[in-house]
Amino acid sequence: MKAAEIKETLTWKELTVAGEIAEGGTSVLTKTGEWRTMIPRFIPDKCKQCMLCVPCCPDMSIPVKDGKRLDFDYDHCKGCGICYKVCPFGAIEFEKEEK
Amino acid sequence: MAIRERMSGNEAVAYAMRQIDPDVMGAFPITPSTEIPQYFSQYVANGQVHTEFVAVESEHSAMSCCIGAQAAGGRAVTATSSAGLALMWEMLYVAASSRLPITLSCVNRALSGPININNDHSDSMGARDSGWIQLYAENNQEAYDNFCMAMRIGEHKDVRLPVMCCQDGFITSHAIENIELLEDEIVKNFVGKYEPENYLLKKENPLSVGPYDTVAYYMEHKKQQAEAMKNAKAVILEVAKDFEKISARKYSFFEEYKMDDAEVAMVIIGSSAGTAKAVVDSLREEGIKAGLIKIRVFRPFPASEIAKALAHVKAAAIMDKADSFSGCGGPLFAEVRSACYGLDSKPVLVNYIYGLGGRDVVTTDLKKAFNKLLEYAKKGAPEETYYHLGVRE
Chain A
1 MKAAEIKETL
11 TWKELTVAGE
21 IAEGGTSVLT
31 KTGEWRTMIP
41 RFIPDKCKQC
51 MLCVPCCPDM
61 SIPVKDGKRL
71 DFDYDHCKGC
81 GICYKVCPFG
91 AIEFEKEEK
Chain B
1 MAIRERMSGN
11 EAVAYAMRQI
21 DPDVMGAFPI
31 TPSTEIPQYF
41 SQYVANGQVH
51 TEFVAVESEH
61 SAMSCCIGAQ
71 AAGGRAVTAT
81 SSAGLALMWE
91 MLYVAASSRL
101 PITLSCVNRA
111 LSGPININND
121 HSDSMGARDS
131 GWIQLYAENN
141 QEAYDNFCMA
151 MRIGEHKDVR
161 LPVMCCQDGF
171 ITSHAIENIE
181 LLEDEIVKNF
191 VGKYEPENYL
201 LKKENPLSVG
211 PYDTVAYYME
221 HKKQQAEAMK
231 NAKAVILEVA
241 KDFEKISARK
251 YSFFEEYKMD
261 DAEVAMVIIG
271 SSAGTAKAVV
281 DSLREEGIKA
291 GLIKIRVFRP
301 FPASEIAKAL
311 AHVKAAAIMD
321 KADSFSGCGG
331 PLFAEVRSAC
341 YGLDSKPVLV
351 NYIYGLGGRD
361 VVTTDLKKAF
371 NKLLEYAKKG
381 APEETYYHLG
391 VRE
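Protein chains in written order, with this note's numbering: chain A, 1 to 99; chain B, 1 to 393.
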């Protein structure tokens with residue numbers, strides 16, 4: 001059973017054993033960035049694409065395409081601020097998120 | 001041909017592990033189970049098994065290692081005792097709820113504190129609600145046999161639960177007794193290959209194991225777990241039947257000793273059952289109709305079968321080698337008394353906490369318990385229901 005097939009209406013007999021899902025990467029479907037209070041902001045003009053922030057993100061919330069980092073994935077970023085701390089070029093700002 | 005040998009309970013379990021040749025062992029030493037990974041690492045070093053032996057840094061990691069290995073599609077085993085089992089606590093629940101049939105050899109030892117390295121059942125009894133199947137052994141033979149049967153039970157598609165095989169620390173684990181071992185090929189064929197339907201390393205079928213379970217799903221998965229535990233009862237009996245064919249040794253949920261016409265009975269777990277049987281024999285010589293039930297399967301608890309077995313007795317002593325500090329009795333007492341609630345004519349049931357922290361369990365103490373039962377059987381009611389046996393008053 002794939003993630004999209006798992007519904008809240010299914011009974012215990014219909015659901016997969018132990019909640020197993022027949023695919024990987026299902027966190028893409030669940031937005032877990034909602035409880036963020038602080039938010040990092042990407043400033044592309046200052047970024048040298050050194051890539052230091054990417055592996056430091058505990059949540060894979062800095063997408064990379066063609067060797068370059070893109071803007072944050074705010075659906076999953078928890079606002080921990082590690083990327084802001086490690087950036088040597090001031091290309092990431094960190095502020096209180098106004099919702 | 002069966003092999004006649006003599007060995008300790010620990011060696012017997014390690015021997016069974018060698019015959020089964022699991023894919024992974026994640027283990028950390030702790031008295032009195034240390035010898036199991038010690039023997040087993042020799043088998044690994046000698047090339048007698050193909051097992052990946054992972055020397056981890058703690059029991060939490062040992063169980064985590066087993067969870068990863070089993071989820072990946074391997075067969076994982078470990079051994080531990082006391083504080084080691086306590087350190088695994090969090091991961092015991094993860095193993096069970098992820099429905100990973102890991103096999104754990106628990107060599108029962110008291111939990112601290114006060115710190116003590118000797119036998120009682122406080123470690124595994126504390127883990128009784130973790131979702132593991134629990135099998136208890138009286139001696140090295142049963143420790144070996146239970147371990148040989150464990151994987152067939154846990155891995156069954158209707159069950160998919162981890163299995164804890166318990167034996168009494170030092171008393172069983174370190175005492176050398178005669179044993180009848182099965183030949184390697186017979187054990188291998190009996191246990192068979194581990195063939196889970198889905199697993200992480202099955203590349204044609206990607207899988208997520210242990211995902212976050214929201215409010216909308218958690219209870220459904222817990223219901224599945226509860227059903228699996230109920231299903232385990234039939235599987236335990238089925239596996240025991242098959243095991244009898246290769247070993248000529250009979251197993252069930254519990255052993256009934258001279259229970260047919262018993263008027264007073266003792267319900268007990270583990271090595272002390274041997275001592276209690278000697279007491280039953282001597283009482284029988286005096287013309288007293290005494291009997292004994294030795295629990296082999298504590299999880300799932302064979303409630304209806306126990307009620308049936310006790311229905312005709314006048315009084316029974318439920319023996320707990322662990323206290324649950326409920327203020328009204330140990331864990332086995334709570335289960336047995338609850339099981340008997342539906343009986344039309346209920347036996348008088350009393351609880352004895354005994355043998356804690358390795359306190360010797362002697363025939364004279366057990367006889368005292370039986371004498372009290374005879375008195376209560378006559379009166380039809382006990383003075384009290386919660387006693388400590390063999391404690392200085």
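Just so you know, these hints were derived from the structure itself, not from any lab.
Take these hints with a grain of salt, some might be off.
As the list claims (entries may be wrong) - Facing chain A, from chain B, some residues (calculated, C-beta under 7 Å): (1) Ser-98; (2) Gly-126; (3) Gln-141; (4) Lys-202; (5) Pro-206; (6) Val-209; (7) Ala-216.
Idealized CB from N, CA, C, for every residue including glycine.
Okay, the hints, checked on the actual structure:
1. Ser-98: Cβ of Ser-98 of chain B sits 5 Å from chain A, so the hint holds.
2. Gly-126: Violated - the Cβ of Gly-126 of chain B stays beyond 7 Å from chain A, reaching only about 23 Å at its closest.
3. Gln-141: violated, 34 Å
4. Lys-202: Not OK, violated: Lys-202 of chain B not within 7 Å of chain A, min 10 Å.
5. Pro-206: Because about 5 Å separates Pro-206 of chain B from the closest Cβ in chain A, which is inside the 7 Å limit, the hint holds.
6. Val-209: holds, 6 Å
7. Ala-216: Constraint on Ala-216 of chain B satisfied, holds at 4 Å.
Hint compliance for this structure: hints 2, 3 and 4 are not met, and every other hint is.
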